[in-house]
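In the order they appear, the protein sequences are chains A and B. For the first sequence, my numbering gives the first residue as 2, with consecutive numbering after it. For the second sequence, my numbering gives the first residue as 2, with consecutive numbering after it.
Check each hint, because a few of them may be wrong.
You can't tell identical chains apart in this list, so a pair holds if it fits in one copy or across any two.
DSSO-like mimics (lysine-lysine), calculated; alpha carbons at most 27 angstroms apart, straight line [stated by the list, open to error]:
1) K41 with K249
2) K64 with K161
3) K65 with K18
4) K65 with K161
5) K161 with K11
6) K257 with K161
7) K161 with K33
8) K234 with K33
9) K161 with K41
10) K161 with K13
11) K33 with K268
Just so you know, these hints were derived from the structure itself, not from any lab. Just so you know, these numbers come straight off a predicted model, no measurement behind them.
So you can see what is in the structure, the chains are spelled out below.
2 protein chains.
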Amino acid sequence: MTINRFILNKQKLIDKKLIELVEELEAPSLLKEAIEYAIKAGGKRLRPILLMSTYEGFSTELKKATHPAVALELIHTYSLIHDDLPAMDDDDLRRGQPTLHRQFDEATAILVGDGLLTYAFQLISSSPFLEAEEKVYVIQQLSQASGVNGMVGGQYLDLKAENEEIEEHELSTIHIKKTGALIQAAIKIGAYLGGATPPQIESLQTFGYYLGLTFQVQDDLLDVEGDSNELGKLTGSDLARNKSTYPKLLGLQGAKDQKNQYMDKAKEAYLSSNVDQPRLLELINVFGNRSN
Amino acid sequence: MTINRFILNKQKLIDKKLIELVEELEAPSLLKEAIEYAIKAGGKRLRPILLMSTYEGFSTELKKATHPAVALELIHTYSLIHDDLPAMDDDDLRRGQPTLHRQFDEATAILVGDGLLTYAFQLISSSPFLEAEEKVYVIQQLSQASGVNGMVGGQYLDLKAENEEIEEHELSTIHIKKTGALIQAAIKIGAYLGGATPPQIESLQTFGYYLGLTFQVQDDLLDVEGDSNELGKLTGSDLARNKSTYPKLLGLQGAKDQKNQYMDKAKEAYLSSNVDQPRLLELINVFGNRSN
Numbered sequence: 002m003t004i005n006r007f008i009l010n011k012q013k014l015i016d017k018k019l020i021e022l023v024e025e026l027e028a029p030s031l032l033k034e035a036i037e038y039a040i041k042a043g044g045k046r047l048r049p050i051l052l053m054s055t056y057e058g059f060s061t062e063l064k065k066a067t068h069p070a071v072a073l074e075l076i077h078t079y080s081l082i083h084d085d086l087p088a089m090d091d092d093d094l095r096r097g098q099p100t101l102h103r104q105f106d107e108a109t110a111i112l113v114g115d116g117l118l119t120y121a122f123q124l125i126s127s128s129p130f131l132e133a134e135e136k137v138y139v140i141q142q143l144s145q146a147s148g149v150n151g152m153v154g155g156q157y158l159d160l161k162a163e164n165e166e167i168e169e170h171e172l173s174t175i176h177i178k179k180t181g182a183l184i185q186a187a188i189k190i191g192a193y194l195g196g197a198t199p200p201q202i203e204s205l206q207t208f209g210y211y212l213g214l215t216f217q218v219q220d221d222l223l224d225v226e227g228d229s230n231e232l233g234k235l236t237g238s239d240l241a242r243n244k245s246t247y248p249k250l251l252g253l254q255g256a257k258d259q260k261n262q263y264m265d266k267a268k269e270a271y272l273s274s275n276v277d278q279p280r281l282l283e284l285i286n287v288f289g290n291r292s293n
Numbered sequence: 002m003t004i005n006r007f008i009l010n011k012q013k014l015i016d017k018k019l020i021e022l023v024e025e026l027e028a029p030s031l032l033k034e035a036i037e038y039a040i041k042a043g044g045k046r047l048r049p050i051l052l053m054s055t056y057e058g059f060s061t062e063l064k065k066a067t068h069p070a071v072a073l074e075l076i077h078t079y080s081l082i083h084d085d086l087p088a089m090d091d092d093d094l095r096r097g098q099p100t101l102h103r104q105f106d107e108a109t110a111i112l113v114g115d116g117l118l119t120y121a122f123q124l125i126s127s128s129p130f131l132e133a134e135e136k137v138y139v140i141q142q143l144s145q146a147s148g149v150n151g152m153v154g155g156q157y158l159d160l161k162a163e164n165e166e167i168e169e170h171e172l173s174t175i176h177i178k179k180t181g182a183l184i185q186a187a188i189k190i191g192a193y194l195g196g197a198t199p200p201q202i203e204s205l206q207t208f209g210y211y212l213g214l215t216f217q218v219q220d221d222l223l224d225v226e227g228d229s230n231e232l233g234k235l236t237g238s239d240l241a242r243n244k245s246t247y248p249k250l251l252g253l254q255g256a257k258d259q260k261n262q263y264m265d266k267a268k269e270a271y272l273s274s275n276v277d278q279p280r281l282l283e284l285i286n287v288f289g290n291r292s293n
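Generate coordinates for the entire structure from the input sequences, incorporating the hints supplied.
What follows is the structure, encoded as structure tokens:
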């Protein structure tokens, strides 16, 4: 199976589960409509794919990975909804559709975000497929990665860095928190639930570290060179907001070279983990060369 | 010890623990400053007091209740920060001080809220004082109570009911979700961790149900009859926002009668639980007759 077909199959599976689990959710009907709008807008589902692919490097009992994969995507979705708000990045389009606060209103967008984040933890704590110890591990990883020393902290630093001159090491700190932490959590959770040894988890965490940076450099490059139709959002927004990006700091070619270095380091870390899951190697290329 | 002294002692203990645990949190320094502002603004700490008092009806090993009590207050604090936002209740004052988005900015307020909610789950999942099964129970209760079928759903319905004519049963549904669910969770968590039997938990849940309604009717009454200095926020805001409230639906005397009925039902439920914790009885009066 090609990697593209593999990804497509996983996306379908994740979409189906996400929609199923959100449909189970009891909520006031209009609020639920807004939640479904957010979920059904689609997305690349790269984080849950990464979690499941890592898990499958160790185990074939697929059920265990499903709820954590969905919870991860719920957290990612909430973060996009809050990041898009007028007080934050003030974006009108997401995945080719009006952002949630544009389609509904700001209050609804804030509450849908809060609700999705909360549901992630409800889903894990109530999962029939996980032991108590596993639930605790997953919740620990997700909450650390998405909290004030992870994703929320990264978004804060990112906002505060607008119109500021920052250096490359500060830029990578922002992205390790904002994007990298959740990518690393995806991989650690997949590895742990699959039964990886602690040294394997450590190598794979390093793999996730460089994969996260690869993802972000490509994100910056797409904002310069990407096709806004394919991206489902406008390009050039980093420049418009005067954001520090890799192309701005290193030049276009410099950013591409940096990305290739990160991809090499991710490959190295994968190889040192002694996991036999070539999909992870292929995913480095997907992260580094994606067009949306 | 009088109930007021009892509450004061508990408040001190909770404030100390809250501040300690927030100081441990790693976060970008300005974001952390905003978090500390939110936590140090104080508060009645009624939910954690309720959790700890219920727990103490069953057990004396106090450590177990501390992290859940703090997590509960983190969730309550996050909900106030988000509710105060311009897109929601648009409040300028909270506990006599500028609301977080007034003191800092809107983006910071959104992210502090997100961060506190996330930290609640991180704190429980990493607590050294709880077994895995206990962590899972606490996280289940907190996430259900604060999610889209609980607090977040209640806030949504409350916002949508502005300028609408609603009936008493709709008003109580809003408040059971918005305020009652977390109050019930406080009691259930305290009882469960202390070792209550399932029938005892059930009776205490009913106790929490009526306690939550008592709290809310008094909240509505204070917005009409309260002292804004003592409350630390302006009175009359419900009227200004054309919100449905108990005094509006039932008249001032009608609302007071309703409150007394709820207090009687809470007392009844407490008695049927066969728990020997008279502080819970005293807390009914505190909830029903508080002046802030």
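Here's how the hints hold up against the structure:
no.	hint	verdict
1	K41 with K249	neither (34 angstroms within a copy, 40 angstroms between copies)
2	K64 with K161	neither (41 angstroms within a copy, 39 angstroms between copies)
3	K65 with K18	within (13 angstroms within a copy, 36 angstroms between copies)
4	K65 with K161	neither (39 angstroms within a copy, 39 angstroms between copies)
5	K161 with K11	neither (36 angstroms within a copy, 38 angstroms between copies)
6	K257 with K161	within (25 angstroms within a copy, 49 angstroms between copies)
7	K161 with K33	between (33 angstroms within a copy, 14 angstroms between copies)
8	K234 with K33	within (25 angstroms within a copy, 32 angstroms between copies)
9	K161 with K41	between (31 angstroms within a copy, 24 angstroms between copies)
10	K161 with K13	neither (37 angstroms within a copy, 35 angstroms between copies)
11	K33 with K268	neither (41 angstroms within a copy, 36 angstroms between copies)
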